[in-house]
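Using the sequences and the accompanying hints, generate a full structural model.
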Amino acid sequence: MKYHQLVLTIPLLFASPSIGALENEAQSAIDTIQKFYNSTSGLWQGVSGQLWWESANILTAIAKFGLHDPEYKPTAVAIIDITYQKSRTAPKEVGGYIDWKNKFTDDMGWWALAWIASFDLTGDKKYLDSAKDLYQDMQINTATQCGGLIKWNKDKKAITAISNELFLSIAAHLANRIPGDGGKPYRERAERQWQDFKKAGGFINGRKLVNDAIHAEDCTNNGDTTWTYNQGVILGGLAELTKATGNGEYGKRAIEIADSAMKNLATNGILTEQVPSLDQQGAQFKGAFVRGLAALNAQVPEARFATFLKNNAESAWTRGKQGELIGGQWQGGGGFIGTTSQASGVDVLVAAAQANPT
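Numbers -20 to -1, 1 to 338, taken from mature numbering (1 follows the signal peptide of the UniProt record, and there is no 0), label the letters of the sequence shown in order.
Because the hints were derived from the structure by calculation, they are not lab data.
Simulated pairs of lysine-lysine, BS3-like, Cα-Cα distance not exceeding 25 Å: (1) LYS112 / LYS83; (2) LYS223 / LYS112; (3) LYS105 / LYS66; (4) LYS243 / LYS290; (5) LYS178 / LYS232; (6) LYS232 / LYS290; (7) LYS164 / LYS179; (8) LYS178 / LYS243; (9) LYS105 / LYS164; (10) LYS290 / LYS188; (11) LYS15 / LYS301; (12) LYS243 / LYS188; (13) LYS136 / LYS72; (14) LYS179 / LYS223; (15) LYS112 / LYS81; (16) LYS223 / LYS106; (17) LYS136 / LYS81; (18) LYS223 / LYS105; (19) LYS164 / LYS106; (20) LYS81 / LYS106; (21) LYS301 / LYS243; (22) LYS81 / LYS66; (23) LYS137 / LYS83; (24) LYS188 / LYS232; (25) LYS223 / LYS188; (26) LYS53 / LYS106; (27) LYS178 / LYS137; (28) LYS164 / LYS232; (29) LYS72 / LYS134; (30) LYS136 / LYS112; (31) LYS223 / LYS178; (32) LYS15 / LYS53; (33) LYS15 / LYS72.
In this text, all values refer to a predicted model and were calculated from it rather than measured experimentally.
Next up, the structure:
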């Protein structure tokens, strides 16, 4: 099967003198990642096959850039439309999933956020309805031994941070997009989810960072890696919850996590995973962090957040590239290089542009 840049009935946009350097770089990075897009499946190609949850993240970044840059919006809308039509019946290569549902609640969560971002850009209710449908499927998997927290895998007991952060974020996003009393159940569930998530001894450790999971037997922190994406997703969720409730305490807790992440998960100010080498999936993680930080900054603006995003974007673009692609190490030096590292590069450029408007 041939993987190619998306061919649209409208022209792809080239760098415009009317927008800033970050926007031009973000657009260039998206044009590069589109060379890995398969318009037959609506998914992006990875090292040895088509990407599933990673494709949802790429789509989210494209939707957010379309919302930020009106000149890019028609292109983003076209990509979203094709992805929606084609990916809802996934090829057997990635599992043959229907309507983006599988046994992994985090996979479904990424797709739900992608459709919410698509709704924000287009106003088309079908995208919001798909996000609601995925949310309902995730909700079925509540792990009652740890309050309202949900399981990572429908067939197993594991309770991960990422599934529960995504669930909280989706609920808060829906609360802000469903008018009237219709949004109330989502807001209430997001608030309950945060109460369960932040319980002492749970996901958040003494450094105010989110660990990877809790022990299903006693609901205590497993002490595993503090991945960047686990920090970023909760930042985005708490930003939405702040907006939904008007309660500034959610924003304050998010700021604590953000500050700790910028201090402890960065090398000389550049976001860095705390493991020596990353695979294809791990190279996607930093994109989720910067996306969440940008969302927090939009709700609770802090100059240090905007500066951090700009510095990381500049480093990724000037020092992290190898050829056309942005690598997994934004300060340079290699790391995994491929579609997912490029996707994180797109995210940091878009996030920096959002936080530093021209």
